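Sequences listed follow chains W and E, in order.
Here this note's numbering is used: the first residue of the first sequence is 1, the next is one more, and so on.
Here this note's numbering is used: the first residue of the second sequence is 1, the next is one more, and so on.
Worth flagging that the hints you see were computed from the coordinates, not collected in a lab.
Do not take every clue at face value.
Covered, in the sense of this in silico footprint (three residues per stretch, anywhere, with C-beta under 8 angstroms from a C-beta of chain E), are these stretches of chain W [claimed, not checked]:
no., segment
1, 37–50
2, 100–114
3, 128–141
4, 155–167
5, 216–225
Listed below are the simulated EDC-like cross-link pairs for lysine to aspartate or glutamate, each with C-alpha atoms no more than 20 angstroms apart in a straight line [unchecked claim]:
no., chain 1, residue 1, chain 2, residue 2
6, E, Lys501, W, Asp11
7, E, Lys113, W, Asp11
8, W, Lys12, E, Glu184
9, W, Lys40, W, Asp11
Restraint-style ranges between C-beta atoms, simulated for each label pair [said to hold, decoys possible]:
no., chain 1, residue 1, chain 2, residue 2, range
10, W, Asp119, E, Leu109, 20 to 28 angstroms
11, E, Glu546, W, Asp119, 49 to 57 angstroms
12, W, Asn118, E, Arg564, 49 to 57 angstroms
13, E, Asn323, W, Arg229, 29 to 37 angstroms
Being a predicted model, the structure only gives us computed values, none of them experimental.
A virtual CB, placed ideally from N, CA and C, is assigned to each residue, including glycine.
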Amino acid sequence: MRFSIYRYDPDKDDKPYMQDYDIALEPSDRMLLDALVRIKSVDDSLSLRRSCREGVCGSDAMNINGRNGLACTTPVSGLREPVELRPLPGLPVIRDLIVDMTQFFKQYHSIKPYLINNDPPPETERLQSPAERAELDGAYECILCACCTTACPSFWWNPDKFVGPAGLLQAYRFLADSRDQASAERLDNLEDPYRLFRCHSIMNCVDACPKGLNPTNAIGKIKDMMVKRTV
Amino acid sequence: MAIARRKFDAVIVGAGGAGMRAALQLSEAGLKVAVLSKVFPTRSHTVAAQGGIAAALGNVTEDNWHWHMYDTVKGSDYLGDQDAIEFMCRQANEVVYELEHFGMPFDRLENGKIYQRPFGGQSQNFGGAQATRSCAAADRTGHAMLHTLYQRNVRANTQFFIEWMGLDLIRDEQGDVLGVTAMEMETGEVMVLQAKATLFATGGAGRIFQASTNAFINTGDGLGMSARAGIPLEDMEFWQFHPTGVYGVGVLISEAVRGEGGYLLNKDGERFMQRYAPHAKDLAGRDVVSRALTMEIKEGRGCGKDADHLLLKLDHLGADVINMRLPGIREIAIKFAQVDPINEPIPVVPTAHYMMGGIPTNFHGQVVAPYKTGPEEVVRGFYAVGECACVSVHGANRLGTNSLLDIIVFGRAAGNQIIEDLKKSPHHKPLPADVADRTLARLARLEGQKGGESVAQVGATLRKTMQAHCGVFRFADMLKEGVTKIGEVAEQAAQTEIKDKSKVFNTARIEALELDNLAEVALATMVSAEARNESRGAHARDDFPERDDEKWLKHTLYFRTGRRLDYKPVRLKPMTVESFPPKPRVY
Numbered sequence: 001m002r003f004s005i006y007r008y009d010p011d012k013d014d015k016p017y018m019q020d021y022d023i024a025l026e027p028s029d030r031m032l033l034d035a036l037v038r039i040k041s042v043d044d045s046l047s048l049r050r051s052c053r054e055g056v057c058g059s060d061a062m063n064i065n066g067r068n069g070l071a072c073t074t075p076v077s078g079l080r081e082p083v084e085l086r087p088l089p090g091l092p093v094i095r096d097l098i099v100d101m102t103q104f105f106k107q108y109h110s111i112k113p114y115l116i117n118n119d120p121p122p123e124t125e126r127l128q129s130p131a132e133r134a135e136l137d138g139a140y141e142c143i144l145c146a147c148c149t150t151a152c153p154s155f156w157w158n159p160d161k162f163v164g165p166a167g168l169l170q171a172y173r174f175l176a177d178s179r180d181q182a183s184a185e186r187l188d189n190l191e192d193p194y195r196l197f198r199c200h201s202i203m204n205c206v207d208a209c210p211k212g213l214n215p216t217n218a219i220g221k222i223k224d225m226m227v228k229r230t231v
Numbered sequence: 001m002a003i004a005r006r007k008f009d010a011v012i013v014g015a016g017g018a019g020m021r022a023a024l025q026l027s028e029a030g031l032k033v034a035v036l037s038k039v040f041p042t043r044s045h046t047v048a049a050q051g052g053i054a055a056a057l058g059n060v061t062e063d064n065w066h067w068h069m070y071d072t073v074k075g076s077d078y079l080g081d082q083d084a085i086e087f088m089c090r091q092a093n094e095v096v097y098e099l100e101h102f103g104m105p106f107d108r109l110e111n112g113k114i115y116q117r118p119f120g121g122q123s124q125n126f127g128g129a130q131a132t133r134s135c136a137a138a139d140r141t142g143h144a145m146l147h148t149l150y151q152r153n154v155r156a157n158t159q160f161f162i163e164w165m166g167l168d169l170i171r172d173e174q175g176d177v178l179g180v181t182a183m184e185m186e187t188g189e190v191m192v193l194q195a196k197a198t199l200f201a202t203g204g205a206g207r208i209f210q211a212s213t214n215a216f217i218n219t220g221d222g223l224g225m226s227a228r229a230g231i232p233l234e235d236m237e238f239w240q241f242h243p244t245g246v247y248g249v250g251v252l253i254s255e256a257v258r259g260e261g262g263y264l265l266n267k268d269g270e271r272f273m274q275r276y277a278p279h280a281k282d283l284a285g286r287d288v289v290s291r292a293l294t295m296e297i298k299e300g301r302g303c304g305k306d307a308d309h310l311l312l313k314l315d316h317l318g319a320d321v322i323n324m325r326l327p328g329i330r331e332i333a334i335k336f337a338q339v340d341p342i343n344e345p346i347p348v349v350p351t352a353h354y355m356m357g358g359i360p361t362n363f364h365g366q367v368v369a370p371y372k373t374g375p376e377e378v379v380r381g382f383y384a385v386g387e388c389a390c391v392s393v394h395g396a397n398r399l400g401t402n403s404l405l406d407i408i409v410f411g412r413a414a415g416n417q418i419i420e421d422l423k424k425s426p427h428h429k430p431l432p433a434d435v436a437d438r439t440l441a442r443l444a445r446l447e448g449q450k451g452g453e454s455v456a457q458v459g460a461t462l463r464k465t466m467q468a469h470c471g472v473f474r475f476a477d478m479l480k481e482g483v484t485k486i487g488e489v490a491e492q493a494a495q496t497e498i499k500d501k502s503k504v505f506n507t508a509r510i511e512a513l514e515l516d517n518l519a520e521v522a523l524a525t526m527v528s529a530e531a532r533n534e535s536r537g538a539h540a541r542d543d544f545p546e547r548d549d550e551k552w553l554k555h556t557l558y559f560r561t562g563r564r565l566d567y568k569p570v571r572l573k574p575m576t577v578e579s580f581p582p583k584p585r586v587y
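Use the sequences and the hints to build the structure in full.
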């Protein structure tokens, strides 16, 4: 199978280049990550992040034939050749397929991604109905792989100002939690021309999410909450 | 070469559930703590835990911690230390409620309480009816827990060293631990991290096997570092093979599938577990179920054209239950087994999953080793929790959902113990002159190596050898040969050659350093397994099919130097309740 892979090692390369690989895959190499591991067994300099190899850790997000996705859950069988692999767009490249995710996590941290509840905790669990808990479905499952945020043109333009779909999905996860008491503060935190409102419902995020989540929908709900509290 | 040094009150290596639970305790106490992780914290392998965390909340069926303790002792095939097991089970409810208060998104029952499901080996009344003890967030409990712990650490301003790999343990002449050497992966820079307390929470080492549910990062780094620094490794012959890994891929299919009512079938469509465990059936101990699957395949009742796997049926649960309680399993089955479990069964095989052994500790998380006066002297300044530790609550076989409990209970306990210990010894001890010599020698060797085999090749041989010689059933001749072969692999691992010499994010170098650790773990496992002439829990010997309490009711200690074995007694005396004496283990 033929691959064309983005290579850049700042230790020796002046500029990035695309390297071609033609590699015989074994029948057990079903996912793109299997193929990359096989390439790496021949060329150990190819650098990428990977860990769980089952789509829950979020390490091996990359741009695959022009679309963001996880290498470990992308079957090789459906890929057009040569398979063109690039690092996630919109973030600085450290080396090869490894990007610097500082900006991404800075935005995640900016939404205060933790439950805020200042009541003294009860002896047992706080109660939450199944319906209240169901509000978190579609939001808590995010794996922070950054496929969505780095597919978002609004994030490309304003990575320092726009929270981006992943961060906003988590903002919604806490706004939607019946146990959280900081809704007003959370909405204040997003009330500016950029942090939330740079989302123009382009919906690349929905298309890119390897977990089938819908950040645009969550962002819409946050905007509704903003409107509701002003009227 | 001058190496940068930094000082902390505590250094934690590993940011999975155990490391982050401990970090939270230390950060909230105002200590200066550094948490090192090879990956961003939410990518640690805790994230892949599926089914739940055990605690006798009694939200669904009547339950109490003492029954949980009994089940855990029995599940361990009586090799678990009963003081540690009592400690864990008594604290379970409190730590689970605490996680809920932290914001963990548990599923809920109609009355608003935490949802619980049945899991293997759980009983009411000391071996009676099935208990319902595993607290769950769908089938993503580990993910929910790990993210919650990371979030809580963000709130507590914990200092993370992300994409840093611990390389070697620093000990002085008295044997006290004074920190670690570590490498920043992005720059290749090596640093000495000096600490009054060093806590290992480096997780498992399932990557020593070819078919494994484990992530690539699970390379036993903490065990390798400990072994190289003269700390023994305990009970390394005990590896859990999970009954249901996806056939041909290894990805885990949670026991929650059977907890929710799924069951295993052979090629005749027979629900064969009722022959092996008439009472508990598909919810017997994992060791029992894995052996049953292996026997079915051996005796020709496997499925598929090669008759080499079994089927896990759950379509009868209905689309609603599957979508609500097992959505991750459905996703995995569709992606990795190309079957939708709403309509079709999932092809599964026993797959290496969990290391019951590890760095010996007491239930305060303090590392203990024989030194002068006894087998369990505290190694000052050194702590270990989670899968890398052997406390030992799992003994010879871990019960499902006891691992998430283990990491939280002992992560918290170790944090508390470190806080107490630092009150008594608030100063840094001086570092020895040779503080980074071992690390620098390893790196220099790798840098200059010519003509060695590739890391990929040696790694493949290692995994293949472990799989063939030290699997679900073990044979004397295969083990003996395995010791020789793994010894050869370890020699090759010490002479691997990497082509990539870049300083920047050199993953070839990282993998070579990981292979050093895998080799230590593999050797310890094979040597320990070859010596234990009995069958207990996950260690099933063809030539010694029975458990032998007279000779073998004891923990193995493996020492790297000379590949020497020693043994220490099992702690049969609990903290407050009566001991559960060994008896035949039937499900």
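Against the structure, the hints come out as follows:
1. For the segment 37–50 of chain W, the assignment as covered by chain E holds, since 9 residues bring a beta-carbon within under 8 angstroms of that chain's beta-carbons and 3 suffice.
2. Coverage of the segment 100–114 of chain W by chain E holds [criterion: at least 3 residues with CB-CB distance below 8 angstroms; count 6].
3. Counting residues of the segment 128–141 of chain W whose beta carbon lies closer than 8 angstroms to any beta carbon of chain E gives 8, which meets the minimum of three for the stated coverage.
4. Coverage of a stretch by a chain is defined here by at least three residues with a beta carbon nearer than 8 angstroms to that chain's beta carbons; for the segment 155–167 of chain W and chain E the count is 0, and the condition is violated.
5. As drawn, the segment 216–225 of chain W meets chain E at 0 residues by the rule of a beta-carbon pair under 8 angstroms; below three, the given contact is violated.
6. Restraint check: the Cα-Cα separation between E:Lys501 and W:Asp11 comes to about 9 angstroms, which is no more than 20 angstroms; the hinted pair holds.
7. Taking the CA atoms of E:Lys113 and W:Asp11, the gap is near 55 angstroms; set against the 20 angstroms cutoff, the hint is violated.
8. With a C-alpha separation of about 19 angstroms, the suggested pair W:Lys12 and E:Glu184 falls inside the 20 angstroms cut-off, and the hint holds.
9. At most 20 angstroms may separate the alpha-carbon atoms for a hinted pair to count; W:Lys40 and W:Asp11 meet this at roughly 19 angstroms.
10. The given range of 20 to 28 angstroms is respected by W:Asp119 and E:Leu109, whose C-beta atoms sit roughly 22 angstroms from each other.
11. Restraint check, E:Glu546 to W:Asp119: a C-beta distance of roughly 56 angstroms satisfies the suggested window 49 to 57 angstroms.
12. At about 56 angstroms, the beta-carbon gap between W:Asn118 and E:Arg564 stays in the expected band of 49 to 57 angstroms.
13. At about 33 angstroms, the CB distance of E:Asn323 to W:Arg229 agrees with the hint of 29 to 37 angstroms.
Checked against the numbered hints above, the structure violates hints 4, 5 and 7; every other hint is satisfied.
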